[in-house]
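Model the full assembly from the supplied sequences, consistent with the hints where possible.
2 protein chains.
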Amino acid sequence: MAKTRIAPALFTPPMPVSLVGAQVGGVANFMTVAWLTRVNFDPPMLAVALGSGHHTPSGIRENKTFSVCLPGAGLVEKTDYCGLVSGKRVDKSGVFDVFYGDLETAPMIAECPLCVECVVAQIVELPTNLLVIGNIAGVYADDSILTDGKPDAAKLAPLVLTMPDNHYWKLGEVAGRAWEAGKALKK
Amino acid sequence: MAKTRIAPALFTPPMPVSLVGAQVGGVANFMTVAWLTRVNFDPPMLAVALGSGHHTPSGIRENKTFSVCLPGAGLVEKTDYCGLVSGKRVDKSGVFDVFYGDLETAPMIAECPLCVECVVAQIVELPTNLLVIGNIAGVYADDSILTDGKPDAAKLAPLVLTMPDNHYWKLGEVAGRAWEAGKALKK
Chain Z
-16 MAKTRIAPAL FTPPMPVSLV GAQVGGVANF MTVAWLTRVN FDPPMLAVAL
34 GSGHHTPSGI RENKTFSVCL PGAGLVEKTD YCGLVSGKRV DKSGVFDVFY
84 GDLETAPMIA ECPLCVECVV AQIVELPTNL LVIGNIAGVY ADDSILTDGK
134 PDAAKLAPLV LTMPDNHYWK LGEVAGRAWE AGKALKK
Chain L
-16 MAKTRIAPAL FTPPMPVSLV GAQVGGVANF MTVAWLTRVN FDPPMLAVAL
34 GSGHHTPSGI RENKTFSVCL PGAGLVEKTD YCGLVSGKRV DKSGVFDVFY
84 GDLETAPMIA ECPLCVECVV AQIVELPTNL LVIGNIAGVY ADDSILTDGK
134 PDAAKLAPLV LTMPDNHYWK LGEVAGRAWE AGKALKK
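One line per chain: the protein sequences are Z and L, in this order. Reminder that position 168 of the first sequence reads as 151 in the working numbering, one-by-one numbering, no gaps. Reminder that position 32 of the second sequence reads as 15 in the working numbering, one-by-one numbering, no gaps.
Just to be clear, a hint being listed does not mean it is correct.
Copies of the same chain look alike in the list, so a pair counts if it works inside one copy or between any two.
[Stated by the list, open to error] Pairs of lysine-lysine residues, derived as BS3-like cross-links and limited to a Cα-Cα distance of at most 27 Å, are as follows: (1) K153 with K61; (2) K170 with K138; (3) K47 with K170; (4) K71 with K61; (5) K61 with K47; (6) K153 with K138; (7) K133 with K153; (8) K169 with K47; (9) K47 with K138; (10) K153 with K169; (11) K133 with K170; (12) K71 with K(-14); (13) K(-14) with K166; (14) K166 with K47; (15) K(-14) with K47; (16) K166 with K133; (17) K47 with K71; (18) K166 with K61; (19) K138 with K71.
Calculated directly from the structure, the hints in this document are not laboratory data. Bear in mind the structure is a predicted one, so any value in this text is a computation, not a measurement.
Here it is in structure tokens:
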């Protein structure tokens, strides 16, 4: 099929919906973030890209720690809310039940079935965003999402964001198994 | 609910399934990549995290360009195949119909409904991976996935990977609208 050229800003892949937590001036703050990916295999590292002017980055710079929690579909309203209002103007510390892990300065969300706390490894300054790269220091999972001690996506039921149509999606049908589906094509 | 601690390596968010293209020694090569995110708003930039020892990074360093294409569910087998075999040993240039955009050295996949070509802005060297940050130079979309000239996720039908259960998923039900669902919680 012939391709049409569209504007660069219109490209986004399907994105994980997460809440990034930081302690800002002693107050737990949570920000909705979908620009998130694992970035290193060993040790396990992840990165989040945050608008440079947001409230959360100041807390991350202050403590050199942050968290990432994955909400389920039952938290759509609260999750979206944390992307609509800034911690500069609204205290979001009471939106969720907050807990802390070993790092003590990376607030996490009890209602989220899967949370990680990270230590900042590097911050890459980009034109309008900060790419915060962290070492995963602790992972906290609800027993209800584990199968044989490992996260099970069917139980976790994470949310996926697409843009520019701006929808949160649940996962649907399984389309195949990774590292399996292509074996028939190997000579 | 009480949380159980699990190993850091077991944390991955839901991930976009993509094929990263590069010209390596004059030959088009494609590698399955799910560690991908947008990283900068303006100008539009994205990043992909690749194992340092893979074949694709040498082509990216050679030309300072690469591509990212999003396959639909009909391409599960070929997409998975590109993650099972290395371009060091197998010529993958014939797996798909290849086209080029303005950059001329970023091979893209005609069968994928949404492709971008990027110019390398920065490569962040991490312990086992390279985080390749690129400026989005061109976006090429099938007319069939556009609504009012913009990508429509329901038509694009992208694939999402979850680990460690290793499933490719289609999108399912809409769980809410972003920047809308939380408005009721604003005072």
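### Task
Indicate which option fits the pair K138, K71 if close means a Cα-Cα distance not exceeding 27 Å: within, between, both or neither.
Classified as neither: same-chain Cα gap 35 Å, cross-chain 38 Å, threshold 27 Å.
### Query
Which holds for K47 with K170 at a C-alpha limit of 27 Å: within a copy, between copies, both or neither?
For K47 and K170, neither the intra-copy (49 Å) nor the inter-copy (32 Å) Cα distance is at most 27 Å.
### Query
Quick one: K169 to K47, C-alpha cut-off 27 Å, is that within a copy, between copies, both, or neither?
neither (45 Å within a copy, 30 Å between copies)
### Task
Since the copies are identical, ignore which copy is meant and state whether K(-14) and K166 lie within 27 Å (CA to CA) inside a copy, between copies, both or neither.
neither (30 Å within a copy, 37 Å between copies)
### Query
With identical chains treated as interchangeable, where does the CA-CA distance between K47 and K138 reach 27 Å or less: within a copy, between copies, both, or neither?
Classified as neither; 32 Å inside a copy, 41 Å across copies.
### Query
Quick one: K133 to K170, C-alpha cut-off 27 Å, is that within a copy, between copies, both, or neither?
For K133 and K170, neither the intra-copy (33 Å) nor the inter-copy (39 Å) Cα distance is at most 27 Å.
### Message
For K166 and K47, with the copy left unspecified, which applies at a CA distance of at most 27 Å: within, between, both, or neither?
### Response
For K166 and K47, the Cα distance exceeds 27 Å both inside one copy (43 Å) and across copies (31 Å).
### Query
Is the C-alpha distance from K166 to K133 at most 27 Å within one copy, between copies, in both cases, or in neither?
within (25 Å within a copy, 35 Å between copies)
### Task
Pop the pair K170 and K138 into one bin, within, between, both or neither, using alpha-carbon distances up to 27 Å.
neither (36 Å within a copy, 33 Å between copies)
### Message
Reference check for the pair K47 and K71, CA-CA at most 27 Å: within, between, both, or neither?
### Response
For K47 and K71, the Cα distance is within 27 Å only inside one copy (19 Å; across copies 39 Å).
### Same-copy or cross-copy closeness of K71 to K61 [CA-CA at most 27 Å]
within (17 Å within a copy, 47 Å between copies)
### Query
Between the shortest in-copy and the shortest cross-copy C-alpha distance, which are at most 27 Å for K61 and K47: within, between, both, or neither?
The answer is within: 26 Å in one copy meets 27 Å, while 41 Å across copies does not.
Figure legend: structure checked against the earlier numbered hints; hints not met, in rising order: 2, 3, 8, 9, 11, 12, 13, 14, 19.
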